[in-house]
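Peer 1: Turn these sequences into a full structure, and let the hints guide you.
Chains as they are written, first to last, in my numbering: chain R, 1 to 201; chain E, 1 to 201; chain W, 1 to 201; chain U, 1 to 201; chain A, 1 to 201; chain D, 1 to 201.
Watch out, some of these pointers could steer you wrong.
Repeated chains share a single entry, so a pair holds when one copy, or any two copies, can fit it.
No farther apart than 27 angstroms at their CA atoms in a straight line, the calculated lysine-lysine pairs in the BS3-like style are these [as the list claims (entries may be wrong)]:
{"#": "1", "residue 1": "K129", "residue 2": "K170"}
{"#": "2", "residue 1": "K181", "residue 2": "K12"}
{"#": "3", "residue 1": "K160", "residue 2": "K130"}
{"#": "4", "residue 1": "K56", "residue 2": "K90"}
{"#": "5", "residue 1": "K160", "residue 2": "K118"}
{"#": "6", "residue 1": "K5", "residue 2": "K56"}
{"#": "7", "residue 1": "K130", "residue 2": "K12"}
{"#": "8", "residue 1": "K188", "residue 2": "K118"}
{"#": "9", "residue 1": "K160", "residue 2": "K185"}
{"#": "10", "residue 1": "K118", "residue 2": "K170"}
{"#": "11", "residue 1": "K170", "residue 2": "K184"}
{"#": "12", "residue 1": "K160", "residue 2": "K184"}
{"#": "13", "residue 1": "K12", "residue 2": "K116"}
{"#": "14", "residue 1": "K185", "residue 2": "K5"}
{"#": "15", "residue 1": "K56", "residue 2": "K118"}
{"#": "16", "residue 1": "K188", "residue 2": "K129"}
{"#": "17", "residue 1": "K5", "residue 2": "K181"}
{"#": "18", "residue 1": "K184", "residue 2": "K118"}
The set of hints was computed from the structure by calculation and includes no laboratory data.
Number of protein chains: 6
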Amino acid sequence: MTEVKLSELLLKLNCLKIMPRTGWFFCNVPPSEVEDVAQHSFAVTTITMFLTDELKREGGEIDGERAVNMAILHDWAEAEVADFPYTAQKYLASPEVKTRMERGALKEMLQENPEKEKYQGLWEEYMEKKTLESRIVHAADYLSILVQAIKYRERGIRSKEIEDLWIAVKKDLEPYSAEFKIIKKIEKELSSIFRAQPSSL
Amino acid sequence: MTEVKLSELLLKLNCLKIMPRTGWFFCNVPPSEVEDVAQHSFAVTTITMFLTDELKREGGEIDGERAVNMAILHDWAEAEVADFPYTAQKYLASPEVKTRMERGALKEMLQENPEKEKYQGLWEEYMEKKTLESRIVHAADYLSILVQAIKYRERGIRSKEIEDLWIAVKKDLEPYSAEFKIIKKIEKELSSIFRAQPSSL
Amino acid sequence: MTEVKLSELLLKLNCLKIMPRTGWFFCNVPPSEVEDVAQHSFAVTTITMFLTDELKREGGEIDGERAVNMAILHDWAEAEVADFPYTAQKYLASPEVKTRMERGALKEMLQENPEKEKYQGLWEEYMEKKTLESRIVHAADYLSILVQAIKYRERGIRSKEIEDLWIAVKKDLEPYSAEFKIIKKIEKELSSIFRAQPSSL
Amino acid sequence: MTEVKLSELLLKLNCLKIMPRTGWFFCNVPPSEVEDVAQHSFAVTTITMFLTDELKREGGEIDGERAVNMAILHDWAEAEVADFPYTAQKYLASPEVKTRMERGALKEMLQENPEKEKYQGLWEEYMEKKTLESRIVHAADYLSILVQAIKYRERGIRSKEIEDLWIAVKKDLEPYSAEFKIIKKIEKELSSIFRAQPSSL
Amino acid sequence: MTEVKLSELLLKLNCLKIMPRTGWFFCNVPPSEVEDVAQHSFAVTTITMFLTDELKREGGEIDGERAVNMAILHDWAEAEVADFPYTAQKYLASPEVKTRMERGALKEMLQENPEKEKYQGLWEEYMEKKTLESRIVHAADYLSILVQAIKYRERGIRSKEIEDLWIAVKKDLEPYSAEFKIIKKIEKELSSIFRAQPSSL
Amino acid sequence: MTEVKLSELLLKLNCLKIMPRTGWFFCNVPPSEVEDVAQHSFAVTTITMFLTDELKREGGEIDGERAVNMAILHDWAEAEVADFPYTAQKYLASPEVKTRMERGALKEMLQENPEKEKYQGLWEEYMEKKTLESRIVHAADYLSILVQAIKYRERGIRSKEIEDLWIAVKKDLEPYSAEFKIIKKIEKELSSIFRAQPSSL
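Peer 2: Following this line, the structure appears as structure tokens:
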């Protein structure tokens with residue numbers, strides 16, 4: 001019986017392949033070019049693996065499987081409630097509104113999955129940003145946005161909003177850059193590529 | 001000075017041309033075909049004009065300008081907060097959360113517009129669904145979804161979700177069909193076209 | 001019986017959501033990004049409402065409902081004959097050829113609509129550019145093109161043709177800028193934004 | 001000096017790669033899937049080559065180079081005036097209006113080309129439908145539409161308009177089917193594939 | 001220094017977000033709807049996690065981190081050489097040609113990455129299909145194609161090629177269905193959904 | 001019986017309308033804007049006709065029909081094996097691998113075509129680059145890439161890869177520029193347009 005539900009869950013998650021990352025629309029990226037949640041999740045998962053491997057190489061202790069699994073599922077709820085835009089958050093009574101909505105959606109989605117407690121637990125851990133693993137996934141999430149912004153600018157996008165987004169994400173990344181040498185290095189490298197793209201187009 | 005702001009508002013509202021109507025993603029409509037908020041608003045405005053003219057012809061008293069203006073602006077807030085999906089609403093503590101968010105966004109957007117009170121007033125009237133004009137715009141909104149669903153099915157879309165959407169919208173339309181003869185007639189006609197499209201594809 | 005026809009008309013007008021504004025193709029805007037007639041009509045209708053409200057605020061006398069309705073329907077004929085490109089007009093024996101074609105299409109389309117005389121009358125008024133309302137809709141039409149051009153340039157489009165289009169539309173707007181203070185102000189503001197986008201990309 | 005003009009002509013003709021074949025919009029094909037004039041011209045040129053080779057094999061006398069060159073350029077004017085839709089032709093005083101427009105555009109486009117007389121002559125020959133070569137290109141044009149319609153239906157498109165188009169094109173093809181055995185055979189084969197696709201979707 | 005290379009690698013891998021899975025083109029899926037390698041890799045990674053967790057629950061011994069990492073990188077080489085189509089493989093002297101090409105591309109891409117041996121090793125393990133982990137990733141890869149095929153059919157795609165693909169993938173899945181109960185169950189469930197979609201559209 | 005096969009061949013070749021030219025993906029051109037093989041083949045065929053006519057005008061002896069037919073079919077094999085990317089060729093044991101694959105695909109595709117020997121012969125002649133006609137088609141192929149690159153840059157694309165591609169194609173064109181005056185002139189003209197587009201965007 002659980003497998004029937006797995007089939008349905010796979011079909012449901014397929015929806016992430018057409019679910020746009022809404023933040024880009026405000027930067028004037030058209031629907032035909034907008035990143036979707038599946039592409040984004042792949043990038044975050046990939047970067048999480050890179051960061052995890054680097055930390056291990058430096059002698060750090062990190063649970064690579066937990067980190068990568070967290071990256072895989074961090075945006076699953078969006079298959080039910082879409083990507084709630086960054087720009088809309090200031091109009092909520094509290095950030096908790098968005099969290100509660102996504103928690104509810106994830107719970108509904110995993111209802112009959114035998115591992116629902118594990119997956120919901122990973123998501124809660126991600127939202128709390130306390131463990132090393134969850135912090136690495138958040139850093140990977142921010143880095144993935146910087147990479148994508150550079151590629152959109154490479155295609156000609158020059159809205160004020162994409163520059164604002166860049167600045168905001170770099171700010172979000174600061175605590176992680178301060179904590180992890182590897183993140184600081186990647187961020188500096190991406191910033192230097194970004195600056196080499198004339199902002200004045 | 002107000003005109004400077006009008007320029008900015010026009011550029012801001014242009015964003016509605018790339019802002020997708022998220023409900024269709026859940027029906028498996030891909031980003032390249034998904035209706036955007038500007039297209040939708042045009043359809044709602046057009047249908048509002050038709051309904052208004054029909055009511056007038058039948059001797060009803062309706063303020064055509066107010067109705068059409070309300071239709072034009074009913075989704076403006078989405079240029080700031082995107083289209084909050086239907087499927088996400090059940091995960092909110094109350095529907096008021098969405099309303100408050102959109103009210104805040106609209107206020108921000110109109111901040112320096114000399115007619116801000118008029119436009120915000122029209123939006124509040126729309127949200128309350130009490131006046132004849134606001135009820136006509138809501139009916140137009142629902143009818144526009146039925147029309148679009150038929151066209152997507154004409155292109156081959158046969159998800160269970162598009163059938164569920166159809167049923168939900170027809171239900172939303174019921175009080176309006178009961179109240180206005182013209183709406184009942186259009187709804188019946190569209191239903192007959194929908195049924196003639198084999199649901200079994 | 002008329003309602004059956006209304007259903008059909010709604011399905012017909014839905015076609016405007018996929019009907020491209022051909023002028024942009026000549027500017028090298030690809031099909032996936034090209035503005036469609038529904039989006040354009042929404043922009044023109046919105047700007048018409050803004051202009052109307054501003055004129056009223058300045059104490060002018062303008063029939064807001066008639067102006068907005070005219071904006072809604074000014075391009076309906078294109079659901080039957082597509083958007084005849086600007087660049088093709090010089091190859092016609094007279095501009096009347098295009099007008100006659102669109103008049104015929106609109107007539108066919110409204111054939112069984114109880115308000116056909118009203119709608120056809122509004123379209124004729126629009127084409128004649130004599131009344132205040134029709135002149136405001138024409139100005140709104142030109143302003144909407146300037147706004148869209150800025151947004152395309154924001155995405156990187158830098159064809160010679162988009163600059164030529166800008167110059168041509170500004171010229172078309174001249175009589176309206178001379179007549180209406182608000183239009184002159186918006187035009188100047190948009191021009192200053194346009195100039196701030198390096199044409200040399 | 002003529003080569004400079006050749007460069008410009010190549011850039012101009014590149015525009016055919018984004019110029020949609022408008023007839024498909026009326027069949028509910030969205031912009032992201034609509035055939036463009038370059039794709040269409042390639043199909044017509046290819047089919048012209050096949051037909052030419054078949055006629056030669058049967059012992060017919062046909063100038064293969066002239067036929068194929070005619071196919072290559074038969075829609076060049078659309079880089080200047082876009083694809084005038086089939087559905088709009090009945091609103092013209094005479095079919096000559098479209099012909100004159102395209103003739104003017106082609107003339108302008110070829111203005112400084114050393115072979116302008118050859119190319120314009122081939123286009124006139126095509127428009128007159130008298131020579132064997134021009135008749136073969138027209139047949140190829142119609143066959144290419146039948147092929148494309150089958151492929152759109154394979155993707156789920158089931159509008160009444162695509163069925164109407166099929167019938168209209170088959171009718172246009174009749175004189176050619178009557179004249180050329182090979183055309184009749186291809187048409188019959190395509191019809192049998194079309195019929196095997198349930199029209200009732 | 002390695003971090004500079006990591007930046008470049010991230011920008012390189014971003015390319016997977018626009019790299020289409022070529023097999024779908026032969027099924028008549030248009031470019032605007034075609035799955036890309038990043039979306040596909042996300043699906044494979046997700047399914048790998050599900051399968052791994054299920055096997056663990058059943059008491060199996062599987063290295064979850066290695067399996068998921070293998071899924072993440074199994075198609076990285078395509079950022080350099082694109083997705084080599086299924087249909088082209090029979091024209092190669094041996095399947096080894098494709099393997100050698102991808103091995104070379106991956107090596108080039110990871111040239112300066114400190115973990116290159118680990119990543120290349122995981123890829124070789126994947127290609128050999130011998131370990132439990134690599135077999136699970138292959139099964140996940142096949143299951144992801146079945147899921148995507150169902151979603152394309154839900155949008156109306158009814159080419160013979162998509163049916164042929166279904167049959168071929170089910171055949172490829174057979175040894176895994178025989179080996180793993182969970183895979184057999186998912187495959188049966190998906191097959192029952194597929195069959196419920198009329199193939200006769 | 002051969003005609004049945006012709007129908008099938010036409011449907012097969014239709015696939016070239018959705019088959020992307022993979023090289024552009026590496027330049028960061030998104031799928032919604034990427035040139036397809038049919039568009040490309042049209043451009044190559046057109047340029048071949050121009051070059052042929054120019055050579056004839058200069059008194060050269062060239063078989064125009066053979067040249068143009070060769071251009072039409074030079075990429076047909078890609079309907080079976082997709083467009084093998086430029087960047088992947090260095091990972092092949094020898095260029096012969098790609099040639100053998102395409103030869104096999106073309107042979108399969110033409111299996112029952114009465115002119116298969118003619119078409120296969122033209123393709124072999126093209127691959128050998130020895131005859132005047134085949135050399136002209138290769139030059140046309142390279143020129144068409146330069147034209148397309150300029151148009152992509154006009155839309156804002158500014159990846160390092162598009163500049164590298166430009167340089168590589170110009171190098172490939174060198175022997176043809178040296179041999180044919182007309183080709184040198186077009187290349188110089190295109191280069192001057194390219195240089196006038198700031199590479200620094």
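Peer 1: Determine for every hint whether it applies to the structure shown.
Peer 2: Cross-check of the supplied hints:
1. K129 - K170: within (17 angstroms within a copy, 42 angstroms between copies)
2. K181 - K12: between (38 angstroms within a copy, 22 angstroms between copies)
3. K160 - K130: Neither. Shortest intra-copy (33 angstroms) and inter-copy (40 angstroms) distances fail the 27 angstroms Cα cut-off.
4. K56 - K90: neither (38 angstroms within a copy, 35 angstroms between copies)
5. K160 - K118: neither (41 angstroms within a copy, 30 angstroms between copies)
6. K5 - K56: between (36 angstroms within a copy, 18 angstroms between copies)
7. K130 - K12: neither (29 angstroms within a copy, 31 angstroms between copies)
8. K188 - K118: between (35 angstroms within a copy, 26 angstroms between copies)
9. K160 - K185: both (26 angstroms within a copy, 22 angstroms between copies)
10. K118 - K170: Cα proximity of K118 and K170: none, with 31 angstroms in one copy and 30 angstroms across.
11. K170 - K184: So K170 and K184 pass the 27 angstroms test inside one copy only (10 angstroms; across, 40 angstroms).
12. K160 - K184: both (25 angstroms within a copy, 25 angstroms between copies)
13. K12 - K116: So K12 and K116 pass the 27 angstroms test inside one copy only (15 angstroms; across, 35 angstroms).
14. K185 - K5: This pair counts as between: shortest inter-copy Cα distance 11 angstroms, intra-copy 43 angstroms.
15. K56 - K118: Classified as both; 24 angstroms inside a copy, 13 angstroms across copies.
16. K188 - K129: within (23 angstroms within a copy, 40 angstroms between copies)
17. K5 - K181: between (42 angstroms within a copy, 15 angstroms between copies)
18. K184 - K118: between (31 angstroms within a copy, 24 angstroms between copies)
Checked against the numbered hints above, the structure violates hints 3, 4, 5, 7, 10; every other hint is satisfied.
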